[in-house]
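Protein sequences, first through last, are from chains A and B. For the first sequence, position 217 matches number 217 in the working numbering, and the numbering has no gaps at all. For the second sequence, position 289 matches number 289 in the working numbering, and the numbering has no gaps at all.
Since the hints were derived computationally from the structure, they do not count as laboratory data. Honestly, I wouldn't trust all of these hints.
If you want the ones that stay clear, here's a sample from chain A, every Cβ over 12 Å from chain B, calculated [stated by the list, open to error]: (1) Leu215; (2) Thr227; (3) Ala302; (4) Glu314; (5) Ala315; (6) Val317; (7) Tyr341; (8) Arg343; (9) Trp348; (10) Thr351.
Anything over 10 Å on all C-beta distances counts as not near chain B; from chain A, calculated [claimed, not checked]: (11) Asp57; (12) Ser216; (13) Arg307; (14) Thr346; (15) Leu353; (16) Pro355.
So the derived label-pair ranges between C-beta atoms look like this [what the hints assert, rightly or not]: (17) B:Ala203 to A:Leu176: 35 to 45 Å; (18) B:Gly233 to A:Arg73: 41 to 51 Å; (19) B:Tyr108 to A:Leu176: 29 to 39 Å; (20) B:Ala421 to A:Asp171: 23 to 33 Å; (21) A:Ala205 to B:Arg121: 32 to 42 Å; (22) A:Gln336 to B:Pro351: 56 to 66 Å; (23) B:Tyr108 to A:Leu161: 38 to 48 Å; (24) A:Gln336 to B:Ile225: 15 to 25 Å.
Think of the CB as a built atom: it goes at the ideal place given N, C-alpha and C, for glycine as much as any other residue.
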Amino acid sequence: MKVGLVVNPVAGVGGRVGLKGSDGAEVQARAFALGAVPRAAERAAVALTELAARRPDVAVLTVAGAMGEEAARAAGLVPEVVFAAGEPTSAADTVAAARALAPRVDLLLFAGGDGTARDVLEAVGDSVPVLGIPTGVKMHSAVFAVNPRAAGEVAAIASGLRDAEVVDRVDGSPRLFGCLRVPDVPARVQQRKTGSSSVTPDAVAGIATELRALLSPGDLLVLGPGTTTRAVAAVWGLEVPVLGVNVIEGDELLAPDAGADQLLDLVSGRPAHAHIALTPIGGQGFLLGRGNQQLSPEVLRAVGLERLHVVATEAKVAALGGRPLLVDTGDDALDQEFPRYVRVVTGWRRTILYPLSERQS
Amino acid sequence: MSAPSPHTPVSPADARIAPKPRLRRFHQARWDEPLIFELDSPGERGVEVPITDLPVPTLPAGLARAAAPALPEMSQPHVLRHYMRLSQETLGVDLNVDIGQGTCTMKYSPKVNDSFVRDPRIAELHPLQDEGTVQGVLEILYRLEGLLKEISGMDRVSLQPGSGSSAIYTNVSMIRAYHAARGEGEQRDEIITTQFSHPTNAAAPKTAGYKVITLMPDADGYPDIEALRAAVGPRTAALLITNPEDTGIFNPRIEEFVRLVHGVGGLCCYDQANANGILGITRARDAGFDLCHFNLHKTFSTPHMCGGPAAGASAVTSALAPFLPRPTIEFDGARYRLDDDRPESIGKIRPFYGVVPNLVRAYAWIMALGAEGLRAVAETSVLNNNYLISKVLEIEGVSLPYARGRRRVEQARYSWEKLNADTGVHSEQIGYRVSDFGTHYWTSHHPYLVPEPMTLEPTESYSQADLDEYAAILAAVAREAYEDPEVVRTAPHNGPIHQMRDASLEDPGTWAVTWRAYRRKVGGAA
């Protein structure tokens with residue numbers, strides 16, 4: 001089989017440093033200044049390694065250097081380079097590379113986020129099956145595998161195709177840009193993020209009370225992004241940025257919009273006194289790895305999974321339609337440490353025991 | 001040509017009468033009926049109380065009213081007319097096919113049972129009468145307990161609790177007392193339930209101070225047993241579970257559920273409020289449960305009484321018997337007595353003996369049917385339900401999520417998801433439109449896990465013609481949704497009032513639960 005690969009080398013660089021995205025040269029420059037390390041190639045290599053293990057006959061066609069060649073070589077493959085990009089790479093390179101690859105491959109893999117998906121959509125439309133290796137920050141679109149390794153699995157499975165939405169935030173609101181044809185492997189390809197059901201202070205008052213009861217004086221609470229967690233903070237009288245990871249101590253907003261390094265500093269200083277509260281992405285079920293990369297594996301390990309609390313309204317849990325919660329922390333070993341079932345706090349003294357994606361081995 | 005209706009004339013002599021439409025033409029009565037307080041006519045009187053020479057006892061000062069109650073003064077015929085008119089403005093089982101009550105189960109209550117409770121020996125019973133003068137009533141209650149013991153397989157029964165939440169709260173209180181007596185009261189602070197159990201299985205323990213863990217259904221609609229394995233532990237006080245659940249799906253692994261909970265020292269409590277479909281077929285005790293409760297209004301054909309606080313019954317194994325509410329009814333072979341000396345009891349749940357008229361109705365209903373009759377009730381209600389399912393699933397836009405191809409017990413939770421996607425019409429709007437055909441469709445299907453839900457529970461009370469009529473109404477409304485959705489969206493059209501502003505129900509500024517509150521808000525008077 002012939003697979004095309006396009007890597008957006010800067011996709012996701014803003015995530016761990018708390019920039020919410022990586023679009024545009026300015027944001028990327030800030031991310032690098034904050035110490036961000038590009039990880040797109042590394043994640044693409046995980047996908048290709050998995051794919052090659054399952055399909056030794058795979059031939060990879062790709063772009064020179066950071067836009068694919070390096071990732072393929074890191075996976076132990078010898079790719080055919082069919083396109084060379086300028087330096088620094090740009091969205092136009094992604095479009096041109098995808099156009100060059102599409103007529104020559106059975107499946108086009110791309111590593112990136114929603115912005116990259118938009119570029120691929122513009123380049124190839126429905127002319128070739130496409131699958132995203134998730135390396136961006138938010139990833140609202142339904143064209144990505146649930147994690148890099150799953151991308152390799154899905155690429156290896158010959159399967160039917162379905163239309164999947166390409167969604168990206170524009171001026172703060174999600175917008176649908178069109179559909180790509182992706183392999184139809186439901187448990188391995190993520191769902192589109194759904195808009196949040198109305199989260200009012202009333203609906204989360206019980207959750208807020210329950211969370212408060214978990215904390216002792218002097219404890220830190222790291223609050224993940226989302227409208228649910230923001231509403232929880234509002235019940236406590238705190239106004240927090242909706243897209244950021246925020247740290248709360250007592251009645252104070254200690255650190256709004258914290259990046260991974262800052263979080264690690266804060267939680268490491270309070271062994272056994274730091275908690276994390278997260279809400280899954282509506283409809284999609286991602287708990288970690290989409291829109292909250294600031295919660296790095298190091299931060300999660302420092303806090304400990306036993307002090308990680310999942311919160312959601314019952315309506316949000318219902319909207320998952322029984323699909324399991326997902327984690328993609330970027331650290332495979334850590335992903336495996338999550339329990340198969342997690343308690344989702346839905347109100348005061350109310351929890352739902354909910355499955356987390358079955359372990360992959 | 002349409003199929004013959006159940007109302008088609010059958011004899012030539014009837015041919016002069018125009019054939020009835022397939023669907024009943026229905027319009028709810030609309031009386032410009034004032035509130036009874038507005039019918040007050042000073043000086044008018046209903047009954048004249050005979051003068052007596054007997055001494056009238058004076059009440060203690062603390063019990064006597066300072067002023068006479070502000071009852072309206074009306075003649076008897078005026079009172080009767082008032083309530084007759086009101087009764088015509090309602091939808092109910094005595095007027096129409098009432099299948100759509102969903103999990104709240106409306107079944108026919110034989111009118112003969114009302115004659116028993118109108119008997120002065122029941123109607124004029126005083127709760128403070130000496131035990132020696134109420135031996136007959138105590139005997140009925142004692143025997144009813146015996147029947148419910150047999151039906152549940154349990155060792156002791158209390159008729160003290162009200163139904164539904166009251167009975168569940170009673171059982172939770174006994175669970176707490178049981179663990180406390182064993183020194184594990186503090187440790188066992190979690191109660192496990194399932195998403196499709198009655199919501200009060202979560203609400204009542206939470207009210208009692210427990211943390212509640214809910215298990216979601218697996219892909220087939222059964223409670224996720226793997227989740228149960230992850231949930232049980234030393235903190236588990238009990239499992240509270242409904243079976244069949246509100247989806248109508250019977251959990252075939254219920255014994256395994258019970259074993260898992262017992263394995264960690266927890267108790268298992270069976271919500272048998274939906275016992276309609278399992279009477280004489282399966283019993284709580286046989287599945288290993290420690291406690292269960294019945295809603296006598298659901299299964300044993302007594303009136304609902306204001307939406308729930310009717311008569312219930314808690315049944316327990318002998319290990320839990322010491323904690324039953326007091327007093328219990330005891331029989332020494334000659335006399336019945338109320339035993340209040342029960343040191344481990346959770347205490348009194350209700351005043352006096354419970355809701356005696358409903359207990360008598362339930363006793364009469366069970367005695368009239370006998371063991372074989374109870375099983376026939378279960379079989380008929382299951383047959384009725386599965387017949388209705390087959391009719392409903394012929395309708396475009398409806399589906400029956402979970403456990404595809406499997407039979408349901410006595411109820412089913414359908415989904416109008418496809419109809420909603422095709423037409424924009426919601427389940428709730430279908431419910432309003434259905435009332436235009438003289439029947440009811442309850443719009444509470446908590447939790448809203450099934451999209452655009454509809455829950456139907458036809459019970460054993462309905463004939464095949466009733467079921468056909470109900471299904472035909474749903475089919476007609478679904479057709480309307482596809483052809484002219486506006487008709488459904490703007491329903492009801494044949495009711496005494498049209499669409500109301502739902503928001504007003506949530507607004508304390510507009511609703512009034514008493515006449516005085518109404519006057520204060522609307523009339524400006526105190």
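Hint check results:
Listed as a non-interface residue, Leu215 of chain A keeps its Cβ farther than 12 Å from every Cβ of chain B; the least gap is roughly 17 Å. Distance to chain B confirms Thr227 of chain A as a non-interface residue, since its nearest Cβ pair spans about 19 Å, more than 12 Å. Even its closest Cβ contact with chain B, about 25 Å, leaves Ala302 of chain A beyond 12 Å, as expected for a residue assigned away from the interface. Interface exclusion of Glu314 of chain A from chain B breaks down, the closest Cβ pair being 6 Å apart, not more than 12 Å.
The beta carbon of Ala315 of chain A sits about 7 Å from the closest Cβ of chain B, which is not more than 12 Å, so the claim that it is off the interface is violated. Listed as outside the interface, Val317 of chain A is inconsistent with that label: its C-beta sits roughly 8 Å from the nearest C-beta of chain B, within the 12 Å cut-off. Its closest Cβ contact with chain B, about 4 Å, brings Tyr341 of chain A to no more than 12 Å, contrary to its assignment away from the interface. Distance to chain B contradicts Arg343 of chain A as a non-interface residue, since its nearest Cβ pair spans about 7 Å, not more than 12 Å.
Under the 12 Å C-beta cut-off, the non-interface status given to Trp348 of chain A relative to chain B is violated; the minimum distance is some 8 Å. Not every Cβ of chain B is farther than 12 Å from the Cβ of Thr351 of chain A; the closest lies at roughly 5 Å, contradicting the non-interface assignment. Chain B leaves Asp57 of chain A outside its interface by the beta-carbon criterion, the shortest separation being 34 Å against a cut-off of 10 Å. Non-interface status of Ser216 of chain A relative to chain B is upheld: no Cβ of that chain comes within 10 Å, the nearest being about 18 Å off.
Listed as a non-interface residue, Arg307 of chain A keeps its Cβ farther than 10 Å from every Cβ of chain B; the least gap is roughly 17 Å. The claim that Thr346 of chain A lies off the interface is violated: its Cβ sits roughly 8 Å from the closest Cβ of chain B, which falls inside the 10 Å cut-off. At the 10 Å boundary, the C-beta of Leu353 of chain A falls inside the reach of chain B, the nearest C-beta of that chain being 4 Å off. For Pro355 of chain A, the non-interface assignment is contradicted: its Cβ lies about 7 Å from the closest Cβ of chain B, within the 10 Å cut-off.
Checking the proposed 35 to 45 Å range against Ala203 of chain B and Leu176 of chain A shows it holds: the Cβ atoms sit about 40 Å from each other. Hint check: Gly233 of chain B to Arg73 of chain A, Cβ distance near 49 Å, so the stated range 41 to 51 Å holds. Between Tyr108 of chain B and Leu176 of chain A the beta carbon distance is about 53 Å. The supplied range of 29 to 39 Å is therefore violated. Separated by about 29 Å at the C-beta atoms, Ala421 of chain B and Asp171 of chain A satisfy the suggested range of 23 to 33 Å.
Checked against the hint of 32 to 42 Å, the pair Ala205 of chain A and Arg121 of chain B fails, with Cβ atoms roughly 52 Å apart. Here the CB-CB span from Gln336 of chain A to Pro351 of chain B is close to 59 Å, well matched to the stated 56 to 66 Å. Between Tyr108 of chain B and Leu161 of chain A, the C-beta spacing of about 55 Å breaks the proposed range 38 to 48 Å. A hinted range of 15 to 25 Å for the beta carbons of Gln336 of chain A and Ile225 of chain B is consistent with their spacing of about 23 Å.
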